[in-house]
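Letter by letter, the chains look like this.
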Amino acid sequence: SQTIHQWPATLVQPVGSPLSLECTVEGTSNPNLYWYRQAAGRGLQLLFYSVGIGQISSEVPQNLSASRPQDRQFILSSKKLLLSDSGFYLCAWTPGTATYEQYFGPGTRLTVT
Amino acid sequence: GQNIDQPTEMTATEGAIVQINCTYQTSGFNGLFWYQQHAGEAPTFLSYNVLDGLEEKGRFSSFLSRSKGYSYLLLKELQMKDSASYLCAVHSTGGFKTIFGAGTRLFVKA
Chain A
5 SQTIHQWPAT
15 LVQPVGSPLS
25 LECTVEGTSN
35 PNLYWYRQAA
45 GRGLQLLFYS
55 VGIGQISSEV
65 PQNLSASRPQ
75 DRQFILSSKK
85 LLLSDSGFYL
95 CAWTPGTATY
105 EQYFGPGTRL
115 TVT
Chain B
523 GQNIDQPTEM
533 TATEGAIVQI
543 NCTYQTSGFN
553 GLFWYQQHAG
563 EAPTFLSYNV
573 LDGLEEKGRF
583 SSFLSRSKGY
593 SYLLLKELQM
603 KDSASYLCAV
613 HSTGGFKTIF
623 GAGTRLFVKA
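If you read the protein sequences in the order shown, they are chains A and B.
At position 9 of the first sequence (counting the first as 1) the number is 13 in the numbering used here, and the numbers step up by one without a gap.
At position 48 of the second sequence (counting the first as 1) the number is 570 in the numbering used here, and the numbers step up by one without a gap.
Do not rely on the hints blindly, as some may be mistaken.
Sample of chain A residues facing chain B (criterion: CB under 8 Å; computed from the structure) [unchecked claim]: (1) Asn36; (2) Arg46; (3) Gly47; (4) Leu50; (5) Tyr53; (6) Val55; (7) Leu94; (8) Tyr104; (9) Gln106; (10) Phe108; (11) Gly109; (12) Pro110; (13) Gly111.
Hints in this document: simulated from the structure, not taken from any laboratory.
Glycine residues also receive a C-beta, built at the ideal position from the N, C-alpha and C atoms.
Given only the sequences and the hints, what does the whole structure look like? Please build it.
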């Protein structure tokens with residue numbers, strides 16, 4: 005069966021510090037991968053998606069970046085965090101075929117102070 | 523542009539039926555999802571409607587009218603554990619993107 009992991013679960017970082025969040029998927033190959041951010045009490049904002057290694061599409065211009073160094077690994081990064089980067093970060097995957105249901109990881113709660 | 527509207531909050535009584543509405547205006551449409559999200563947790567899949575009509579799955583049903591840009595999620599025999607946010611999401615054409623609404627927080631009271 006497929007599983008998706010994210011770490012860390014929670015993170016408190018000062019403004020201006022760097023960020024690296026990691027997501028890995030097990031039990032599948034060539035998944036479509038997604039990074040979402042959810043502000044408190046809000047919906048999910050799509051940040052990046054990837055349909056293959058090294059292929060990243062950005063949805064929202066901001067100080068975040070994403071990379072996919074391996075088929076089942078998706079990394080979200082920032083060189084300098086802003087207060088507005090606080091939120092609940094969710095990684096998700098889909099099989100990349102006719103099934104479009106998204107499976108979400110447990111999320112990382114980031115607080116920028 | 524992309525716009526998905528849902529009520530912000532709803533309250534219902536245990537054992538009752540509740541309908542959560544969603545209207546959407548998106549540039550491209552492949553289908554519509556409903557997800558459930560408990561506080562502090564990741565969303566979990568409930569339903570996916572591609573064609574017009576009602577799809578029933580246990581206590582939960584979802585309806586879609588593509589011509590009206592409208593969907594609803596119907597929850598029957600409400601239980602306390604159904605207290606959660608319910609997210610309406612449109613699967614855009616192209617296959618890769620899903621646009622989420624802000625969600626409806628449902629409170630189930632005894």
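Each hint, compared with the structure:
| no. | hint | in the structure |
| --- | --- | --- |
| 1 | Asn36 | holds, 6 Å |
| 2 | Arg46 | holds, 6 Å |
| 3 | Gly47 | holds, 4 Å |
| 4 | Leu50 | holds, 6 Å |
| 5 | Tyr53 | holds, 6 Å |
| 6 | Val55 | holds, 6 Å |
| 7 | Leu94 | holds, 6 Å |
| 8 | Tyr104 | holds, 5 Å |
| 9 | Gln106 | holds, 6 Å |
| 10 | Phe108 | holds, 4 Å |
| 11 | Gly109 | holds, 6 Å |
| 12 | Pro110 | holds, 6 Å |
| 13 | Gly111 | holds, 5 Å |
Checked against the numbered hints listed earlier, the structure breaks none of them; every hint is satisfied.
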